[in-house]
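Peer 1: Each chain is listed here by its residues.
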Amino acid sequence: MDLELLYMNFPYFVAIILFSMGTLIVLTQTNLIKKIIGINILQSAIFLFFITVGNIHGGVPPIYDPNLTDVLYINPLPSTLMLTGIVVSFSVTAFALALIVKLYLFYGTICAPNFMKLK
Amino acid sequence: MVSVLKLPFLCIIGTLIAAFCMPVLARWKRNLCAPLATFVTGIVFITTIVIAYHVMNGEPIRYAVSGWAPPWGIELVVESLSSMMLMLIAGICFLILIYSFSAVKHEMESNIIGWYYTAFLITMAGMMGLIVSNDIFNFYVFIEVTGIGACSLVAAKGTRQATEAALKYLLLATIGSGFILFGIGFIYMITGHLNLTFIAAELAEVKDSYPFLIWTALSFFTVGFGVKSALFPLHLWLPDAHSSAASPSSAVLSSLVVKVYIIAFLKILFIAFGLDIFHETFIRHLIIILSVIAMLAGSFFAFVQIELKRRLAYSTVAQVGYVFLGIGLGTPWGLAAGMLHIVVHAFMKTCLFLTAGAFYYQTGIKKVNQFAGMGYKMPITMGAFTIAALSMVGIPLLGGFISKYGLALGSLEANLPLVIVVIIISGLLNATYYFPIIGQAYFSQEEADGHHDQNSHGHSGEAKKFKLDQVPLSMLVPIVILALGVIYLGIFPGILLNFINKTVTALL
Numbered sequence: 143m144d145l146e147l148l149y150m151n152f153p154y155f156v157a158i159i160l161f162s163m164g165t166l167i168v169l170t171q172t173n174l175i176k177k178i179i180g181i182n183i184l185q186s187a188i189f190l191f192f193i194t195v196g197n198i199h200g201g202v203p204p205i206y207d208p209n210l211t212d213v214l215y216i217n218p219l220p221s222t223l224m225l226t227g228i229v230v231s232f233s234v235t236a237f238a239l240a241l242i243v244k245l246y247l248f249y250g251t252i253c254a255p256n257f258m259k260l261k
Numbered sequence: 074m075v076s077v078l079k080l081p082f083l084c085i086i087g088t089l090i091a092a093f094c095m096p097v098l099a100r101w102k103r104n105l106c107a108p109l110a111t112f113v114t115g116i117v118f119i120t121t122i123v124i125a126y127h128v129m130n131g132e133p134i135r136y137a138v139s140g141w142a143p144p145w146g147i148e149l150v151v152e153s154l155s156s157m158m159l160m161l162i163a164g165i166c167f168l169i170l171i172y173s174f175s176a177v178k179h180e181m182e183s184n185i186i187g188w189y190y191t192a193f194l195i196t197m198a199g200m201m202g203l204i205v206s207n208d209i210f211n212f213y214v215f216i217e218v219t220g221i222g223a224c225s226l227v228a229a230k231g232t233r234q235a236t237e238a239a240l241k242y243l244l245l246a247t248i249g250s251g252f253i254l255f256g257i258g259f260i261y262m263i264t265g266h267l268n269l270t271f272i273a274a275e276l277a278e279v280k281d282s283y284p285f286l287i288w289t290a291l292s293f294f295t296v297g298f299g300v301k302s303a304l305f306p307l308h309l310w311l312p313d314a315h316s317s318a319a320s321p322s323s324a325v326l327s328s329l330v331v332k333v334y335i336i337a338f339l340k341i342l343f344i345a346f347g348l349d350i351f352h353e354t355f356i357r358h359l360i361i362i363l364s365v366i367a368m369l370a371g372s373f374f375a376f377v378q379i380e381l382k383r384r385l386a387y388s389t390v391a392q393v394g395y396v397f398l399g400i401g402l403g404t405p406w407g408l409a410a411g412m413l414h415i416v417v418h419a420f421m422k423t424c425l426f427l428t429a430g431a432f433y434y435q436t437g438i439k440k441v442n443q444f445a446g447m448g449y450k451m452p453i454t455m456g457a458f459t460i461a462a463l464s465m466v467g468i469p470l471l472g473g474f475i476s477k478y479g480l481a482l483g484s485l486e487a488n489l490p491l492v493i494v495v496i497i498i499s500g501l502l503n504a505t506y507y508f509p510i511i512g513q514a515y516f517s518q519e520e521a522d523g524h525h526d527q528n529s530h531g532h533s534g535e536a537k538k539f540k541l542d543q544v545p546l547s548m549l550v551p552i553v554i555l556a557l558g559v560i561y562l563g564i565f566p567g568i569l570l571n572f573i574n575k576t577v578t579a580l581l
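Taken in order, these protein sequences are the chains called A and B. Note that my numbering has the first sequence beginning at 143, numbered continuously upward. Note that my numbering has the second sequence beginning at 74, numbered continuously upward.
If you are wondering where the hints come from, they were derived from the structure by calculation, not from laboratory data. No residue lacks a Cβ here, since even glycine has one placed at the ideal position from N, Cα and C. Just so you know, not all the hints are guaranteed correct.
Output of the computed footprint for chain B on chain A, the stretches with three or more beta carbons under 8 Å from beta carbons of chain B [what the hints assert, rightly or not]:
hint: 1; segment: 156-168
hint: 2; segment: 182-188
hint: 3; segment: 199-210
hint: 4; segment: 224-233
hint: 5; segment: 244-252
Straight-line C-alpha distance at most 27 Å; calculated DSSO-like pairs for lysine-lysine [as the list claims (entries may be wrong)]:
hint: 6; chain 1: B; residue 1: Lys178; chain 2: B; residue 2: Lys241
hint: 7; chain 1: B; residue 1: Lys178; chain 2: A; residue 2: Lys176
hint: 8; chain 1: A; residue 1: Lys244; chain 2: B; residue 2: Lys79
hint: 9; chain 1: B; residue 1: Lys178; chain 2: B; residue 2: Lys439
hint: 10; chain 1: A; residue 1: Lys244; chain 2: B; residue 2: Lys439
hint: 11; chain 1: A; residue 1: Lys244; chain 2: B; residue 2: Lys241
Pulled a few chain A residues facing chain B out of the computed Cβ check, cut under 7 Å [said to hold, decoys possible]:
hint: 12; residue: Pro153
hint: 13; residue: Lys176
hint: 14; residue: Leu241
Could you put the whole structure together from the sequences, leaning on the hints where they help?
Peer 2: Encoded structure:
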């Protein structure tokens with residue numbers, strides 16, 4: 143096993159682990175706020191993944207500088223795409239929290255299994 | 074005169090602008106919302122007909138948004154299948170909006186109506202954007218727009234069940250789109266492009282270098298789109314969301330929203346990955362197995378439901394299986410029949426959900442065992458229900474027969490004759506859960522008489538009398554048009570098949 147390769151691709155592993163964690167939290171936790179936190183972890187993992195895809199080892203931020211010639215700029219496109227991703231993540235979170243507030247008004251609890259008992 | 078190239082773009086933008094005018098308008102004059110939304114959708118429908126006419130007689134429309142050429146900018150592509158889907162979306166939405174005139178007032182609180190139309194138009198714009206876009210990141214954006222719009226359509230009902238179902242839908246849909254976004258990331262990693270055409274050219278060259286990455290990307294897309302379009306083991310959100318929403322919302326969710334994701338999946342699978350990867354990997358077998366399970370299990374689950382809308386929702390799970398089967402077969406007839414089933418199912422399921430809403434409007438019934446004597450109380454609505462249900466079963470001369478026949482031909486082409494047995498069994502299962510309702514409605518009189526006797530003895534004979542429906546005309550007209558559409562599709566499927574085959578021959 144090439145440790146150097148493992149070290150270079152370290153962010154990908156983190157992204158995959160965070161993604162799995164997020165999915166697991168959404169599917170298994172019963173507390174609705176924890177589910178929302180799971181959604182956010184899942185989406186942050188995707189942001190991390192995209193930014194890692196755009197990264198180049200030894201590259202500099204893609205801001206044009208006339209003094210620096212012959213430098214390697216990193217790919218800015220995936221990072222910019224993630225701006226849209228962050229906006230989407232924000233709106234989904236806001237919408238989900240609004241629904242949870244409404245559910246709390248109906249049931250007086252935010253724990254999903256209690257809904258069944260209260261019906 | 075605007076160039077025809079700009080029309081798809083203008084359709085989406087116009088719908089979105091109308092959507093955001095709705096809440097303001099609702100604050101000023103609430104009664105104007107419904108006519109304006111219907112008017113905008115009607116114009117969009119006429120525009121889509123123009124687009125379809127242009128595409129059918131010429132080349133596909135390719136439009137670079139705000140002048141940026143394809144590898145950098147966003148490109149909109151309308152080939153013949155997309156133009157047909159655009160026409161279907163605008164047409165069905167138009168009919169549902171006409172239906173909404175009186176249905177929404179009956180099923181929702183009056184201060185929510187403006188927001189309902191906002192959610193409806195946003196969902197419609199998202200669906201149209203997803204259909205015409207040729208850029209996979211744009212896919213993700215429109216998937217989220219459609220998803221959030223659809224969730225708010227469910228939540229607009231405002232009841233406990235609807236709110237709970239909307240949250241469940243939102244969480245699972247977000248997981249689904251997360252998977253899709255991850256898949257897009259993998260594609261971008263492999264090819265460095267986001268435009269479908271360029272991805273296809275790049276993947277054809279480098280596909281042998283990255284076999285594992287391509288598998289991973291494919292599986293992420295399959296799970297993501299599977300959750301979004303309710304492929305069987307991932308369908309858990311669908312029955313709750315579709316049965317607890319108001320009936321016009323259920324109609325649009327069930328007939329259009331789950332289908333546009335399938336079209337997007339089809340584009341990624343056949344245009345971006347291409348036929349070589351489709352046949353080399355085992356994705357095809359996976360889709361066929363899952364869809365066969367969906368066709369059987371969806372029908373079984375539908376059979377045990379008592380609530381009418383829940384039964385229809387589970388029936389959607391089974392019908393999504395048919396469409397996926399068409400994609401999995403991957404033969405000209407199979408694929409064409411799958412796409413035809415999208416159209417036919419949109420007509421049938423919209424008709425069924427709208428009639429379910431009409432039954433609830435007049436008599437307040439929700440359960441399938443309360444239909445006794447319905448054929449006499451509401452002859453027009455029940456007639457439309459019967460036509461759509463028979464088409465669902467696959468009776469000849471109705472739309473459902475053509476697509477099932479096509480799927481059977483497709484499975485012969487793909488050398489899988491056993492799939493025909495599954496199609497027939499699924500059709501028979503459909504019969505077992507629709508025929509009792511129809512039989513009860515037309516042939517069972519005892520229960521209705523007994524019910525009348527309890528109330529007043531003098532009126533016991535009245536239930537047998539033939540009375541016209543007591544629902545408003547704005548609810549009856551869309552139902553009748555949809556039922557006639559189902560019959561028309563069954564007798565003259567040729568026009569639609571022309572549209573579909575033009576794209577299918579280009580894909581295969």
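Peer 1: None of the hints should be skipped; say for each whether it holds.
Peer 2: Hints and how they fare:
no. : hint                   : in the structure
1   : 156-168                : holds (count 4)
2   : 182-188                : holds (count 3)
3   : 199-210                : violated (count 0)
4   : 224-233                : holds (count 4)
5   : 244-252                : holds (count 4)
6   : B:Lys178 with B:Lys241 : 26 Å, holds
7   : B:Lys178 with A:Lys176 : 36 Å, violated
8   : A:Lys244 with B:Lys79  : 42 Å, violated
9   : B:Lys178 with B:Lys439 : 18 Å, holds
10  : A:Lys244 with B:Lys439 : 25 Å, holds
11  : A:Lys244 with B:Lys241 : 14 Å, holds
12  : Pro153                 : 12 Å, violated
13  : Lys176                 : 11 Å, violated
14  : Leu241                 : 5 Å, holds
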